[in-house]
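Taken in sequence, the protein lines are chains R and Z.
According to the numbering used here, the first sequence is numbered sequentially starting from 1.
According to the numbering used here, the second sequence is numbered sequentially starting from 1.
Read the hints as simulated data drawn from the structure, not as lab findings.
What you were told as hints is all true, and nothing was included just to trick you.
What follows is a set of in silico ranges between Cβ atoms, one per label pair, in the way DEER data are often shown:
{"hint": "1", "chain 1": "Z", "residue 1": "Val342", "chain 2": "R", "residue 2": "Gln37", "range": "36 to 44 Å"}
{"hint": "2", "chain 1": "R", "residue 1": "Thr112", "chain 2": "Z", "residue 2": "Ser192", "range": "46 to 54 Å"}
{"hint": "3", "chain 1": "Z", "residue 1": "Thr282", "chain 2": "R", "residue 2": "Gln113", "range": "30 to 38 Å"}
{"hint": "4", "chain 1": "R", "residue 1": "Asn130", "chain 2": "Z", "residue 2": "Gly379", "range": "51 to 59 Å"}
{"hint": "5", "chain 1": "Z", "residue 1": "Ser171", "chain 2": "R", "residue 2": "Glu69", "range": "25 to 33 Å"}
We put the beta carbon where it would ideally sit given N, CA and C, even for glycine.
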Amino acid sequence: MLRILLFFLVLNATVLAMGQGSDNQQRFVVSLPQQWQESKLRIAVDGLQAPGNVPFKLRVLVKGDDEKEIALGSLAVEAIGPGKPAPRTLKTLRIDVTRSLNRFLENKTNPTQVELLIRPVDARNTPLKNLEWSVKKVRLETQPK
Amino acid sequence: MSKPENRHPKTNESSTSTTSRRNFLQAIGMGTSFIGLNAFGGLVFPSSALAQCDFPPSKTGPAAWRRDCRSIRPRRPASTLSSDEITKLKAAYTAMRALDTSDPNDPRGFQRQANIHCWMCSEGGPSLAVHFSWKFFTWHRAYLYFHERILGKLINDMDFRLPYWDWNVTSHRKLPGAYTSPNNNTNPLFNSTRFMSPTDELPDEDVGTDAMEAAMEADTFAEFGGTATDNGIPEGTPHGSVHVDVGGDMGAFETAGKDPVFYAHHSNIDKMWSDWNNASSTHTNPTDASFLNMTWNFYDENKVWRSITAAQVLNHENQLRYTYAGSRLSENLRCLISDWVVIRTDWTVTKALRIAPAARTSISKVLGSRGRARLHLTGVTVPTDKSAVYRVYANPEAARKDEGPGGDGYLGTIPVVLDSRKNQHVHKRTRNAVFNVSEKKFDMLARAQGPMQLTLVERGLKENERKPIRVNAADSHFTIAELSQ
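Next comes chain Z alone, as it looks inside the complex (with noise of 0.2 Å):
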């Protein structure tokens, strides 16, 4: 193999300016903090160091940060944003970039945010690296949240709130409609270096269910998010197969921040990490202070050089002032819907799904007015000789074609995943089931002609495969809410 070339080649000076510097943070135990960089008080590095993978230098030392007294706002999956919260993310981007040829030295760029991650991740040196270790969470989350301060303050909206890729929705395991759409450099958020097309989807077993319930059944904060000398789970896989996966700089400690779609991957990264934390009681994060007081630095929104400390971002409700919206329903849930109303149907007594008029006028009428609808399958019997994901359509036909979400007769899924070694045992042998029913479901459903036969069908298997099988529940019924404006 060939020898590793000189990270700064056009001069010797620069790279041995970087080198030395390096070597002085490493030597005074920086590991954790640049607190002291004012040391260096004055310190200009050569314009080419900068353009390249350089942390941004600051004539002072870092303000300590102290709190947040923003709205909590939050943070919602990449895949379903209105079309106004794509507006703002490409201008604040936009902003963003521009700032890289309008201002060079300006540290909010987004070439110098993305030197940041190069620099922790790459350049820095074996002191500063931010990988392979407990750091990996703590750092990541401040990262983001200056980032994400930069980019609501060039918009002038500090409500402003980064999206996240929730690639573990098994609908939205492409890029993110608006990092591609338009698939060029038109569109701020585009990188002209991923593997991943437009069409290409995330394999499931780098974000499925294996992956993520393995990261979310970690007993242990050293199991999930490592310890001070090793990594833990979930960095590997989901975190580290989606930078492969999605490739070109997203593939490269060096380069993974000149991709906008790292922010909205190391969100869902965020939100495992806050997911973690709530799945159990037991789910706590280390109390040791070598944790609590690891110290990074960052500019923030007016440019001042800020230090913050990982204690100050294990709550990020609280002090980071975000939270994880788990879909647009469950935001609009609290202050927008009325109670729900149930709408009987026959099941009970044909096992089919029959919409009797009035319920099918009510259903209707509540989604003309954006209400919500919903179908509730009551203790379906499941196969259990594997685990598996079932769609369910609205008959035998549409489950033999199996088109998927969005496709003709497609309702839901039901996974069902063994928890015994032994073959064909499940710890319940049925399950319940809702899915949202929108418009254009519900048109779908109330144009069949008769009782509907609802079935089921293994996700994944070639069309001369599958063997759709009849639901079998012990009841169905719908629930509708309106909107309480």
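So that you can see chain R by itself, here it is in the shape it has in the complex (with noise of 0.2 Å):
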């Protein structure tokens, strides 16, 4: 069953969390293969840790020339219950960001690295500025298409 865990192409992706902002969001740098163009592309979030009575998402975002953000995608993370607000720490969550990142990065010349801005929100994309969160580690993964 590994075999296809196996399949992907683990990138070691730098992890810089360079602090948490008013929003609350982190910065990783994640680096890009010599292929990317032909692999799907995955961020892979190990550790999560975050209360358990609190639904949210972590919403992946990249900055555009013009500083706008642009959205990459979402991770769901449902709350265990409202009874529960201990830490709870989730082994990997993961999104497919083949096409958003393809998008982002089409008008670029030879893209080696990406700066991914992840910050906690709720259902309506608001931050979450008071959520306590951290990950172990923000990886690319990647599969041959």
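Assemble the dimeric complex from its two separately framed chains, guided by the hints.
In structure tokens, the structure reads:
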């Protein structure tokens, strides 16, 4: 069963947590492989720790040349229950960003890495500024199409 | 962060009882099965615990689920149910909710049904958890199956099938009307904790083309449905996103089953699995014994404790007796509609849509007798500078207003998805489109003075950003079909 997982070229995405700003977001830099255009691209978030009583989404964004934020997608994190505030750790969450990341990168010349902003938001994509959260690692997984 | 609360705070005894039972189940490796629960013969749980989040107890071991001989019936989109279907759906949930008070020990009651999800997704512990692994699709299919049978039994209609909330359809992003109308406690499908209001729409990034295609293009079940230890792509998005977006009870594993829309949402998730299986001959389910032999227990409509395996839910049409209807039209197509008749227009000459008086009469007559009409556009040249959805309107003025489905001049959409990383390149520069034409839509077309300049406009832009594009198509014609009653 691990065969498929091993099939992924798990890139050792650099994790540069650059502090949490006013939107409670974190920045990560992930490296792009040589043949990224020919691959499915997935953001994998390892070891997400967050309270068990708050449903939220981790919105993955990039910044365009004009500093405008562009959403690549969201990872949903369902709560366990309203009476479960204790932090829990989720092994790995993934989101496929093949199309959205390709759209973002298609006009760039030989991109080698991407800076991601990851921000917890509620259902209406409003930043959850007071949510305590952390991640162990953020990776870019690729798989040949 | 604060410490976790005790799940059963009322008495130490109830808390201990639950914990020890859980530990016992885990200790004997019942991670995928409750078979042998009769070892607890006569076990009775404190009502305080049962009222919160416990699996319904049984004094006997489960009887194996064997076969279903009901008619094969379609599950239908929740947003397009007929009034009769809505009445039936509400009657079923009213009856299920009534059991909560008339017989709180009846495992078919709504709270007890919700508790199943709570137990299997939260309280039962890691070995019972049915999320974040390949248990996700199979267990939820089995859960909905027995839930559906119970609802059918309660209204004495075993042809009853759950509806599915097809949020992947752009015009169905709001909560289905039956679940919000009325939006109060008199509606058995209402849930007061929802974060999403009846006018809110699910965000496109959660349920739109990118999310759906990413799921449907998964090459293997491991990618789509997960492995023994990992979840598949759609379990996160769109599945989890819709839970979070609806919010309230839906936002938590423990409480999600308390919102009736949970079952319509999961029916669409189940449909995704079905669609994924049907999308390619290579989209097959795992054949490992460890997958096929996963076993779970549920109460059936007669309060009989049943065990069912993953292998028994893989073919929903044959084994579980339901299909998924793409639309009311396709559902009725085979038995109700005669051959389609083509009505030509002079498009190839004028490059505009003009409906001749004779054609107008024919189309109106068919629509007036509940027949079907379609507008076909062949070889529409589409912009190739980006992936986008274009709305087609009857004229440039309507395109500028861009009121969307049901609005002035709206005919339908043409999606354009770039299939190359390089900008301005698509596999095909033209598209063929077919739009259903309702009576209302045809009235709008028939009222037009002179030829209509059909117009495209990109969806989702602000008014000052819209750039209407006149439709350049090779041909346009109508087809009509009468009911073959």
